[in-house]
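Protein chains: 2
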Amino acid sequence: MPRFFVTDGIQTDKPLVLTGDSASHAHVLRLRIGDEICVCDGQGQDYMGTICEMNSRSLTVQITSSQLCPGEPTLQCSVYMAFPKADKLEHVIQKATELGAYEIVTFPTARSVSRPDASSLIKKQERWQKIAQSASEQSQRGRIPQVVVLSSFQDALQRASHSDISILLYENEKQHSLRSVLTASSFRTISLFSGPEGGLTPEEVQWAQEAGLHICSLGPRILRCETAPLCSLSAVLYASGQLE
Amino acid sequence: MPRFFVTDGIQTDKPLVLTGDSASHAHVLRLRIGDEICVCDGQGQDYMGTICEMNSRSLTVQITSSQLCPGEPTLQCSVYMAFPKADKLEHVIQKATELGAYEIVTFPTARSVSRPDASSLIKKQERWQKIAQSASEQSQRGRIPQVVVLSSFQDALQRASHSDISILLYENEKQHSLRSVLTASSFRTISLFSGPEGGLTPEEVQWAQEAGLHICSLGPRILRCETAPLCSLSAVLYASGQLE
Numbered sequence: 001m002p003r004f005f006v007t008d009g010i011q012t013d014k015p016l017v018l019t020g021d022s023a024s025h026a027h028v029l030r031l032r033i034g035d036e037i038c039v040c041d042g043q044g045q046d047y048m049g050t051i052c053e054m055n056s057r058s059l060t061v062q063i064t065s066s067q068l069c070p071g072e073p074t075l076q077c078s079v080y081m082a083f084p085k086a087d088k089l090e091h092v093i094q095k096a097t098e099l100g101a102y103e104i105v106t107f108p109t110a111r112s113v114s115r116p117d118a119s120s121l122i123k124k125q126e127r128w129q130k131i132a133q134s135a136s137e138q139s140q141r142g143r144i145p146q147v148v149v150l151s152s153f154q155d156a157l158q159r160a161s162h163s164d165i166s167i168l169l170y171e172n173e174k175q176h177s178l179r180s181v182l183t184a185s186s187f188r189t190i191s192l193f194s195g196p197e198g199g200l201t202p203e204e205v206q207w208a209q210e211a212g213l214h215i216c217s218l219g220p221r222i223l224r225c226e227t228a229p230l231c232s233l234s235a236v237l238y239a240s241g242q243l244e
Numbered sequence: 001m002p003r004f005f006v007t008d009g010i011q012t013d014k015p016l017v018l019t020g021d022s023a024s025h026a027h028v029l030r031l032r033i034g035d036e037i038c039v040c041d042g043q044g045q046d047y048m049g050t051i052c053e054m055n056s057r058s059l060t061v062q063i064t065s066s067q068l069c070p071g072e073p074t075l076q077c078s079v080y081m082a083f084p085k086a087d088k089l090e091h092v093i094q095k096a097t098e099l100g101a102y103e104i105v106t107f108p109t110a111r112s113v114s115r116p117d118a119s120s121l122i123k124k125q126e127r128w129q130k131i132a133q134s135a136s137e138q139s140q141r142g143r144i145p146q147v148v149v150l151s152s153f154q155d156a157l158q159r160a161s162h163s164d165i166s167i168l169l170y171e172n173e174k175q176h177s178l179r180s181v182l183t184a185s186s187f188r189t190i191s192l193f194s195g196p197e198g199g200l201t202p203e204e205v206q207w208a209q210e211a212g213l214h215i216c217s218l219g220p221r222i223l224r225c226e227t228a229p230l231c232s233l234s235a236v237l238y239a240s241g242q243l244e
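As you go down the protein sequences, you meet chains L and E in turn.
Mapping the first sequence onto the working numbering, position 54 (from 1) lands on 54, and the numbers just tick up by one.
Mapping the second sequence onto the working numbering, position 49 (from 1) lands on 49, and the numbers just tick up by one.
Relax, there's no trap hidden among the hints.
For identical chains, the list gives no copy identity; a pair is met inside one copy or between any two copies.
Cut-off 30 Å, straight-line C-alpha distance, at most; resulting in silico cross-link-like pairs (DSS-like, lysine-lysine):
1) 174 <-> 88
2) 85 <-> 174
3) 123 <-> 88
4) 130 <-> 14
5) 88 <-> 124
If you're looking for bench data, these hints aren't it; they were derived computationally from the structure.
With the hints as constraints, model all of the structure from the sequences given.
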C-alpha cells in the first residue's frame, strides 16, 4: 500500500486533504479514486484510508482505520554523534534512520574539526531533517527521527543521562564491552555516544563516566567515526530483538 | 607501535627490507634506527621488530617476535553482495573490512543494473583490493580481506554453501530472523548474502533455499542494499562475541 507522510497533524473526524509533494507523488504512482493508501503522522501512527476525491493539486482521503506502524522499533535508541567532518553526519543520519534510530543528536567536542556557525546551522539542520524524512519514507518507518543539535558535550551528556542506559563507545576501553552492558540490565530507552575523527579526550571520557555513562569497547578494530554509531546501533537492535 | 603491511611474504631468518610506500610512510612518521615497528603479513600474523638500517628509500627491520594479530576476528564472516550501482560496493568493502569481514564476494543477479565488463573489471578489482588494504591498515587489522568477483549467482551460492552457516537476507521473509538461525547452531565460518537495489527475484530466493541457505529477515524496515550487509555483519560479530 502506498505510504504518505503528513507532518502537520492528522484529524480523523473529517476527510484528510493532501497537497504539495504528496499530491505530485500520488500522480506519479497513478493512483485513482477508490485506491487505498496509508498516511503516516511521522510519530509512529499509520492511518489507512481510501481516496475519495482527486485533482491535479490535491487528493482527499477518507480515513477508515489506524494502527501503530509495524516498521517502528519498540526500543527508543538515540544516536549521539560528535560533529564529524564533511558529509559523514548526513551518512549517519540516513543509515541510522533506516536501521531504526529514535533520534540523532549531534554536538561539538574538543577535537571536532567541524563546528558549523549559527547562521549555517539553520540551513544544515533543515537539510539533515529532510534526509531523516526521506530515509524514513524509503525504509517504511512510521516515525521521522528528530535531528537534534546541542551546543556542548556537557549538554549532550546531561540529555543522554535520562535514558535507561547510556553508553560511550571508546576505542581505548579494554575491560567493558557493549555486550556486558546490554546483557546486565533491561531497558526501553538507550543512548549511544561516539566521538569525532580525532577521538574524545581523556577528560571528556572522564566527564562521561561522571555523568553515569557506561564506557564500552566495540572490540580491537579501530572503527571510523561514522562506522561506530551504525555498528553499535545494529548490535543494540539485534540484541533487543528489533531486527526480527 | 606503527604498523606496516607486507603482502609478498615475510622470512624471519634474515632482516626484512621495506621499500616503496612503507619507506615513505616511515619517513612521514619520522621513525629512526632503534624504533620498534610491527610488520603484518596481511594473513593475520604480526611480526614485531627493530629498525636496524634506514635511508630515504628503504628501511631494514630485525624481527624479534611474532603473534596472531589481536585485531583479527576468530570468526570467518564472508559478505556476499550482489553488484550494486555506483560506488556502493566500494562503501561496503571499506566498512565491512573495518568491521572485520573475512572476505567480500560480489556477483551479478537478475536485477543487477551494474554489470562491469571483463576489461573494466580488472581495474576495478585492483581498486577494490586497495580499498580493502587501506581499511585494514586504518582499522589495525592483520589481514586484508580478499575481494572476490564471481560470474554468476549460482557460483556464489555454491561457494557460500561450504560455510558452516549461509544466510540470505530477504526483505519479504516474514518467519525466520537472523537471530533464530544464529542462536540455533555454533559456527566458525558464515556467509551473509544480500541482493541489489531492486531486490532478488523469487526464483533466485528459491535457488538459494535449494542450495541450503537460510532465508532470513532483518526486521520490518526496508534497508538499502548497502545497509543490509553491514547491519547483518555487525549483528553477527556482536552475537559471536567479536565486538569485545
